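Undergrad: Residue numbers (the numbering used here), protein chains in the order written: chain A, 16 to 200; chain B, 15 to 211.
Treat the hints as calculated values from the structure; they're not laboratory data. All values derive from a computational prediction rather than experimental measurement. One thing to keep in mind: the hints can contain errors.
[Unchecked claim] Listing some non-contacts, in silico: residues in chain A with all C-beta distances to chain B over 12 Å: (1) 32; (2) 33; (3) 45; (4) 59; (5) 75; (6) 79; (7) 153.
[To be verified] One side only, chain B facing chain A, incomplete, derived with CB under 7 Å: (8) 90; (9) 92; (10) 104; (11) 146; (12) 147; (13) 150; (14) 151; (15) 152; (16) 154; (17) 169; (18) 170; (19) 184.
[Said to hold, decoys possible] Partial list, computed: chain A residues near chain B (C-beta under 10 Å): (20) 26; (21) 27; (22) 28; (23) 47.
Note that beta-carbon positions come from the ideal geometry of N, C-alpha and C, so glycine has one too.
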Amino acid sequence: MSDNYLLMDAISYVDDTYLKKYFDMKEMLASKKKKRVGMIRRSASIAACLCLVVSMLFTALYFRKHQQSSVVKPLKDTIWASPEEDDNIEDYFEFSQTGTIIITASLEVAMERVKDEDSTLFAVLLTETGGKETSYIYDSFVKKLNAKEDYMETGIVFLTKNQIKSLECPGDLAVILSLAEKIDE
Amino acid sequence: MATTNETQKAIIADERIVELYWARDEKAIELTDNKYGQFLYRIAYNILHDRLDCEECQNDTYHGIWNCIPPNRPDVFSVFISKIMRNIATMKYREKTRKKKIPSEMMVCYEDLEDTLRSNTSPETEYLAKELGRHINDYLGSLTDRQQYIFVGRFYMGDKLEVIAEELNVNASTVHREIKKIKQGLKSHFERNGIYV
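Pulled out of the complex, with its shape left as it was, chain B reads as follows:
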């Protein structure tokens, strides 16, 4: 019961924040920072691993949210802002890696995933990314809630194995095994659909 009430409270508060954005009230940014500041910072940190860059991304995200609402009215505020933050952090990451290599948790996990999916060919188009995204979504639909949680946590949010393990109250090795299983399943799913990354 308590969980449902807490969730309702969070939804109500999010709606209020969105209303403030619509009313062009700058307090909306303050409330967003209070409620989601740490969470957004973590997404950026998993990609960039740099405090100053993360703070810069955070400010850019607030600016982005301010510009996107209105006209948008997000159904789930947390999903909406996390996507903005991830896109900004990814752009920042690309900009920085053009200059130098950054060790990042996000890249560690992609290199890991890439090892499983690698083949001789390497398609580099936006179209392929979308197609891949569509197949990833199809594959996600076939996973259990727990596996979906691990997939999104690890590959979308870039969380460390230990963080996911702590959240699920299991060992990191258990999460590692689950991820291995998910990756093999994704590879099989891609191969069934004639995709070789």
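Bound conformation, chain A alone:
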């Protein structure tokens, strides 16, 4: 009998108690493993759901932004300032006071070029010199104009000549209107 066979035989005499313990532990380990795998699968599902939600959120935000920008940035029939017509708004700051709207020279000149009833839009840059919050200006003034605008992003409001002429300034705002320079896409 070789030593291999001797050991093989000797180990055959391992007590049933240890074998039973082995089988019990094996079953317990298998059940633990099953639980672990289940947990990993659940975590993976949750992670996948989160990824889906986040990607959907980003897609929704992208489309929303895209939609908004297509509305507020009309490309046709809009008058923009040319670089040489650009005003230095700071020159108007000393004349600006609450409850009044100042129209800069470049905008004045552009308005003179079109008829009163013309539907051509002017890209107007709205500057408030009183130091009010942008959101406050938007709520108390811009929103009420019902005009196409991108005020929160660029400060630009699209108005016709008639709309500009009929503007009424809220008592607590000091506003300067100038012709905006075209934004390159």
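Keeping the supplied structure of chain A fixed, place chain B upon it in accordance with the hints.
TA: Chain B in isolation, oriented as in the chain A frame:
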């Protein structure tokens, strides 16, 4: 809780299988195959490494169980059938190695163990195997549950290190270190009792 219920279910099912053997109902073999077929195959494969031999051993095991129950009524069915399968596979292995050398996971692990325990003398009697078995049992009693699990898995079932490591959710190198420790402990235990294999 779930584990306890599952264990109870398994015990109940085993009792039912044993009852069917006692009633000489051939469905018992079918149920044994369904529940333990893969497990028995693995024990045989760890020893023989041959698909056809393993299938033959599996059939011999079912035949053996059929002949052993009754009169026996095993307390733990899985232990009972695994012993039968191991004995049959070992016999088959001996029969085959008489003709040629078979590379087997079981022999790899015994050669490994033998390297640790080897001395100049080589006793070859059945009595020594029993004595060795008794000392192995004494030694197993001094090990932790985890070490007992590794010992039985590796040296009785002939499982690969990777299989044991996966079951215990550790690295194979960790199991390797544990086995080395167990082997050294067994050697010391044998030497304390004046046994040199």
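Undergrad: Next step is simple, just say for each hint if it's right about the structure.
TA: Structure-based check of all given hints:
The Cβ of residue 32(A) does not lie farther than 12 Å from every Cβ of chain B; its closest approach is about 9 Å, which violates its non-interface assignment. At roughly 5 Å, the least C-beta separation between residue 33(A) and chain B is not larger than 12 Å, which violates its mark as non-interface. The Cβ of residue 45(A) does not lie farther than 12 Å from every Cβ of chain B; its closest approach is about 8 Å, which violates its non-interface assignment. No Cβ of chain B comes within 12 Å of the Cβ of residue 59(A); the nearest lies about 18 Å off, and the non-interface call holds.
The Cβ of residue 75(A) lies farther than 12 Å from every Cβ of chain B, with a closest approach of about 41 Å, so its non-interface assignment holds. Distance to chain B confirms residue 79(A) as a non-interface residue, since its nearest Cβ pair spans about 47 Å, more than 12 Å. Residue 153(A), annotated as away from the interface, keeps every beta carbon of chain B farther than 12 Å; the closest lies near 59 Å. The beta carbon of residue 90(B) is positioned within 7 Å of a beta carbon in chain A (closest approach about 5 Å), and the interface hint is therefore held.
Interface restraint check: residue 92(B) against chain A, minimum CB-CB distance 5 Å, threshold 7 Å, status holds. Taking 7 Å as the C-beta cut-off, the interface hint given for residue 104(B) holds, the closest approach to chain A being about 6 Å. For the restraint placing residue 146(B) at the interface with chain A, the shortest Cβ-Cβ distance is roughly 4 Å, inside the 7 Å limit, so the hint holds. Residue-level restraint check for residue 147(B) holds (minimum Cβ-Cβ distance to chain A is 2 Å; threshold 7 Å).
Proximity of residue 150(B) to chain A holds as hinted, the smallest CB-CB distance being about 6 Å (cut-off 7 Å). Below 7 Å, beta-carbon pairs count as interface contacts, and residue 151(B) has one with chain A at about 5 Å; its hint therefore holds. With its C-beta approaching chain A no nearer than about 10 Å, residue 152(B) sits outside the 7 Å limit, and its interface hint is violated. Because the beta carbon of residue 154(B) sits about 5 Å from the nearest beta carbon in chain A, less than 7 Å, this interface hint is met.
Interface hint at residue 169(B): satisfied, since its Cβ lies 5 Å from the closest Cβ of chain A, which is below the 7 Å cut-off. Residue-level restraint check for residue 170(B) holds (minimum Cβ-Cβ distance to chain A is 6 Å; threshold 7 Å). Below 7 Å, beta-carbon pairs count as interface contacts, and residue 184(B) has none with chain A, the closest being about 11 Å; its hint is therefore violated. Evaluation of the residue 26(A) hint against chain B yields a held restraint, the C-beta minimum of about 5 Å falling below 10 Å.
Hint status for residue 27(A): holds, given a least beta-carbon distance of 7 Å to chain B, under 10 Å. Because the smallest distance between the Cβ of residue 28(A) and any Cβ of chain B comes to about 2 Å, under 10 Å, the interface hint for this residue holds. Of the supplied interface hints, the one on residue 47(A) holds, with its beta-carbon coming within about 8 Å of a beta-carbon of chain B, less than 10 Å.
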